[in-house]
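Protein sequences appear in the order of chains A and B.
If you read the first sequence in our numbering, its first letter stands for residue 8, the second for the next number, and so on.
If you read the second sequence in our numbering, its first letter stands for residue 654, the second for the next number, and so on.
Think of the hints as simulated: they come from the structure by calculation, not from any bench.
Idealized CB from N, CA, C, for every residue including glycine.
Any given hint might turn out to be false.
Looking from chain B toward chain A, a few residues come up when the C-beta cut is under 10 Å (computed) [stated by the list, open to error]: (1) Val-669; (2) Leu-673; (3) Arg-680; (4) Tyr-692; (5) Asp-701; (6) Leu-724; (7) Ser-730; (8) Glu-744; (9) Leu-751; (10) Asp-800.
From the derived model, a few chain B residues whose C-beta atoms are all more than 10 Å from chain A [claimed, not checked]: (11) Ala-675; (12) His-739; (13) Gly-788.
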Amino acid sequence: MRTRVQGDSRRLTLPGMLFFFLGFLLLGLQTPDYRAFMLAVLVPLAFYLVTAALLRLLSADRVLLCLVNFLCALGILALYRLNPARGLGQTFNYAVGLLGMVGCMLLVRFWQRFRWTLPLIALAALVLMALPLMFGTVKNGAKAWVSLLGVSFQPSEIVKVAMVLVMAFLLSRRMVLLALAFAGVCLGLLFLQRDLGTALLYYAISLVLVYVSTGSLTFLALGTLGAGAGAVLGYQMNTYVQNRVSIWQNPWQDPYGIAWQVVQSLVAMVNAGPWGTGLGLGNARTIPEVETDFIFAAVFHEFGLVFGILVILIYLLIFLRGVGVARRARTRFHTLLALGCSCFIALQTFVIIGGNINLIPLTGVTLPFMSYGGTSLVSSLCIMGLLQGVANANEHGLEEDQLMALMGEEDG
Amino acid sequence: MGDTVYELLALGLRYVFVLLAALMLLRVVLTMWADKRSYQQALRQLPDAGLVGEVVDLSNGRGQPLPREGLIGSGRSCDIRIGKLHRREMEFAFRPGLGLKLIPLRRRHQALLDEVPLNRADAYALHGTILDIRGTRLRFRLFAGLDLPQRQLVHQLPTEEGLYDLADDALSQLMDPGAGLPPAIPPDPMLEMTWQHAPLPPELLSPPDSATPKSRRRARREEEV
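Please build the complete structure, drawing on both the sequences and the hints.
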């Protein structure tokens, strides 16, 4: 078994290790920088060691682990290319996120007393969510950031993890009204913060979980109608939303004004061609917010269309694997939890990549695992930890069944 | 390094990057495929995976597979569907070492677990337990190999020491009738009612009509033989 795990982790991570070794080496050669050469050794090593260690010690899902580590390392590479200080900062965020991932994995796998802890988690989530309204700072039109003891963070990103946990728990106990009330309060607070992109994600996840849990088409229809009504209301009330929609309809109407971001992103992607401009040869820095919201455009610009499609495929595979984990889950709680986590990652990816390529109106959410931002990366890795915990519980359940079958045969 | 050399290197490596990413994805897809096949193979060997037994409706003898947790009722989303019951009658969840925990969702519908009213928080069904809800009698049949306590029928059976005490009491009664007896207590109607709800179960009078259910694989193998 151990040999198989070792073999698997090597086989899966070897291309990725080579990828990051060459990438950082190239960046180091461009402007001789010892930090890039150091990362050329450290990042591939970390990529292998994290995958192999978590596989061996915690029996994590190897596919999910490999794909997520690849995306995180790609984010570090892209950020280092754009701004070396940000790239180095992201490695620290990644290390913290890994600890969060392991913590969440162990929580799902071994913690049994959710009945007592979930109300506390829900309460803490609501308090965190209300913090920006009292002590928040406005950034990009949303009052969603809080600075505490010199650390700036976005509470709605942390609450994402709590939200999936609480909703999955309440719906697994068939407390639909309570779950809806919790989601409603969260959404209300997000609207007050004017963080509409995150509100959209929360709403969609609540709708998916309630539908999967109850199987009620009425809920789905009402939820969809509510979303439509909310969108119309938001459009009528907010000039900010009206601008985003008009940019989406025709980005060329004001390319140097409100549509500057989207136009720059589109231009960068068109210039990339199928194979990209080459690492270190592009000029993606002209895109505003390139390190956070438009990191996909930056990667697309330097690595090309084919690589961009491969990145989208990686997210798709993460989603499919997550749905597979949800299908194999033993309990309703685990099913809903795994589904909520997979849908969160998938929806967030769709919303931001869709905004980057102007498929849908742009909303200010980050690209999971790749965008710069401590809160975003840590929360995404925590969500992945929850998913890994369910996968681990499934493996354990299957082993239990095998044991039970053996004992049953002996008894029989 | 000169700009031209770097440019050539970066342009050449574009294809290598795509190739390496595609190779990794290919390996991931192949691993997923292999995992799927091995999981399906495991499921073929363990058709009872995820189940803890079955529930038999005693009115028609129809059995339904019993998952680890779920819902009993007549609704579409119920794991155990019984037409005569409410849409969502009762929740159940298997707890290793304790049994199948039953949580009634309709307080007004009186349920009896082995003839005892089911209103306690620690009501667990074991192998052979009979559940009465609204005139429907269901029997739980749990797989052998599960971590389950021995079934204690209706009342706690006296321990060995308790039996000695009972024998001593009976002997002293025979030797000196009336001695050591507490003063007569008027009969408690509640106590009598509880007792009426808990007659001696048929399992105590006759041997169980069926043994622990076999796994489907085992049953199939026996059929083949």
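We went through each hint and held it up to the structure:
The closest approach between the C-beta of Val-669 (chain B) and any C-beta of chain A is roughly 7 Å, which is under the 10 Å cut-off, so the hint is satisfied. Look at Leu-673 (chain B): its Cβ gets to within about 4 Å of chain A, closer than 10 Å, so that hint holds up. A distance limit of 10 Å between C-beta atoms decides the matter here; for Arg-680 (chain B) the minimum to chain A is near 6 Å, and the interface restraint holds. Residue-level restraint check for Tyr-692 (chain B) holds (minimum Cβ-Cβ distance to chain A is 7 Å; threshold 10 Å).
Here the hint on Asp-701 (chain B) is kept, as its CB sits about 7 Å from the closest CB of chain A, short of 10 Å. At its closest, the beta carbon of Leu-724 (chain B) sits 8 Å from a beta carbon of chain A; the interface hint therefore holds under the 10 Å criterion. Given the 10 Å rule on beta carbons, the hint for Ser-730 (chain B) holds: about 5 Å separates it from the nearest Cβ of chain A. A cut of 10 Å between beta carbons decides the hint on Glu-744 (chain B): the least distance to chain A is about 7 Å, and the hint holds.
Restraint check, Leu-751 (chain B) versus chain A: the minimum CB separation of about 13 Å is more than 10 Å; hint violated. A least Cβ separation of about 9 Å between Asp-800 (chain B) and chain A falls short of the 10 Å threshold, and the interface hint therefore holds. For Ala-675 (chain B), the shortest C-beta to C-beta distance to chain A comes to about 6 Å, within the 10 Å cut-off, and the non-interface label is violated. Residue placement check: His-739 (chain B) keeps its beta carbon more than 10 Å from all beta carbons of chain A (closest about 13 Å).
No beta-carbon of chain A is positioned within 10 Å of the beta-carbon of Gly-788 (chain B); the least distance is around 24 Å.
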